Amino acid sequence: MSEAPNTTATARSVEEVFAAAMAEEDVRGRSLWVDAWHRLQKNRAAIVSGVIMLLVVLAVVVGPMLLPWEADFTDWEHASTPPSLETGHWFGTDAVGRDILARTLEGGRISLLVGLVATLVSLVIGVSYGAIAGYYGGMTDRIMMRSVDIIYALPFMFFVILLMVVFGRNIILIFVAIGAVNWLDMARIVRGQTLSLKNTEFVEAARACGVDHRAIIRRHIVPNLLGVVMVYITLTIPQVILVESFLSFLGLGVQEPMSSWGALVNEGAQDMESAPWTLIFPAAFLTVTLYCFNYIGDGMRDALDPKDHL
Amino acid sequence: MRQESLFHHASSRLLGLVPTLLLLVTISFFLIRVAPGGPFDAEMAAPPEIRANLEAKYHLDEPLLQQYFRYLGEIIAGDFGPSFQYKDWSVNELIARGFPISATIGGLAMVLAFFAGTLIGIFAALRQNRLADHALMGIGMLGISIPNFVIAPLLILGLAIYGGWLPASGWDWSWQRGVLPVVTLALPAIAYIARLTRGSMIEVLHSNYIRTARAKGLPEHLVILRHALKPALLPVISYMGPATAAMITGSVVVERIYSIPGLGSYFVQGALNRDYTLVMGVVVFYGVVIILLNFIVDLVYAGLNPRIRYDEGR
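Line by line, the protein sequences give chains A and B. In terms of the numbering used here, the first sequence opens at residue 1 and continues consecutively. In terms of the numbering used here, the second sequence opens at residue 1 and continues consecutively.
These aren't lab readings, by the way, just hints derived from the structure by calculation. One should not assume that every hint holds.
[Unchecked claim] Covered stretches of chain A (in silico footprint by chain B; criterion: 3 or more residues with CB under 8 Å from a CB of chain B, positions within the stretch not fixed): (1) 109 to 119; (2) 161 to 167; (3) 262 to 273; (4) 279 to 287.
None of these values were measured; they are calculated from a predicted model. Ideal Cβ placement from N, Cα and C applies to all residues, glycine included.
With the hints as extra help, turn the sequences into a complete structure.
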């Protein structure tokens, strides 16, 4: 405010600023990622969710190898038995004597796999689409984003079901169908981010050096989008898992002998009066997974993109 | 002036719906027609003549493009054609039978979600970062995370089978049979709306004009009712469009679990039986419903909030 700080103070402050800058030298290298990691660590819900999630993934990946039963092994002596330690079926068995624990873990593999692959599909489509629209701008952008708006208004779940009806119910198609319909959010976010990135100095510098458009997108735009994209990946995975289990629940998704959490919940719901454990365990795994992913996604968003709402 | 611009906004939006609808019809038509296997594959060992007759009856023997324009014309006339699976039923009749039930459940669920969600959200916002807030939002996250098809069997198990208070399934327009489906459908939306309301309410409560209102000595409940509520509800209003879509999707599952003969049940049955015309009819019909409701929501939003109307995406 007062425009004349006295000279000694100025001299001292220059020295101080310099010293402070020296002291901060090692701090200055802190990237967005380190910052985000520190912020994420303070979010207890996200960290706990992350740990639980890791345990679930570990159980699903390693578990089936350690169990004495295959998921499709039918133990006739213990058909439809409640959970017990004596029979060795910790989660009980279903009507034909299959071990629920083994089936739940085996089904979890499919559910998580769908989550990952379909997210990857939507990631590839969404990021390239959004980056191209945002980078080229103008008419290209307008046409591309207008198409996204149009597709956005379509009842997406019904389209996935339509796709399943048309092309039969195989697992590859589930990946592609869900991913192909789920890229719109990603495209929008990435486009917005690209629009603001393309006017930055370093992109201008690259352009001045004669780097061609494709290389600029690949080398300078996309890496800088990683933050937002990471957030949206963690938010997309649970959505995709949910869609898959929704389809499988309706009998339109994964088919026997394969199963997923959704398919298991469906089977369990049919037997729930006589054998509630066939419903409760897969349902619990599915819910815990979705719950954790949502918390991790929330935490990531707060950490990487603090200005975003909610 | 404002009236005029609102009208302009409405008509331009309405015009924008045309390509969406056209795309909807076109995609579903061609998807269904490139499908391997026809609807009559199940009629085992049907002699070729009968097959040809069937295909002629449903115009499956015409060139694809001709079929497309025929279908387009029929849809514009509001005719979805006969169902392949339910003999003697047209898709229109099936929609007329199923939709009132689905719409009733969905509408009630929407009303419940709106009121319960905003009330919980406001309550949590007023207790920001206190125990009640954290507890409510934790439960809310659970509500978002638990899928409909997990909540429903659990509710049936607890309230119908063990408790015996409510019928487990079926439909006869009585409130007892309506409670569980409506609650199941509303729960995720309640959770989502509560989170939305809490977030925007907190933001609004930190704004300057609220401080002014408090400073002039207005009692807290009036500050909230008269000044904070309307702007805080705007995000909720704009969520009502996607919420409709979510409700319609959810109704498919809910109707199946509770054995309700709504449109969703027909749709799933049609999908499992490869009943082309029925599946397509429902997709197009629900597409139109979703698009129109989105449009209405958009208008309400623009009417309530002139400030945001023209700078899209803030």
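Worksheet item: Are there at least three residues in the stretch 109 to 119 of chain A whose beta carbon sits under 8 Å from a beta carbon of chain B?
Response: violated (count 0)
Practice prompt. Apply the coverage criterion to the stretch 279 to 287 of chain A and chain B: a residue qualifies when its Cβ sits closer than 8 Å to a Cβ of the chain, and three qualifying residues are needed.
Written response: holds (count 4)
Worksheet item: Are at least 3 residues of the stretch 161 to 167 of chain A within less than 8 Å of chain B when you compare beta carbons?
Response: With 7 residues in contact (Cβ-Cβ under 8 Å with chain B), the coverage given for the stretch 161 to 167 of chain A holds.
Practice prompt. Apply the coverage criterion to the stretch 262 to 273 of chain A and chain B: a residue qualifies when its Cβ sits closer than 8 Å to a Cβ of the chain, and three qualifying residues are needed.
Written response: As far as the stretch 262 to 273 of chain A goes, the hint holds, because 7 residues have Cβ atoms under 8 Å from chain B.
Consistency note: the structure conflicts with earlier hint 1 alone.
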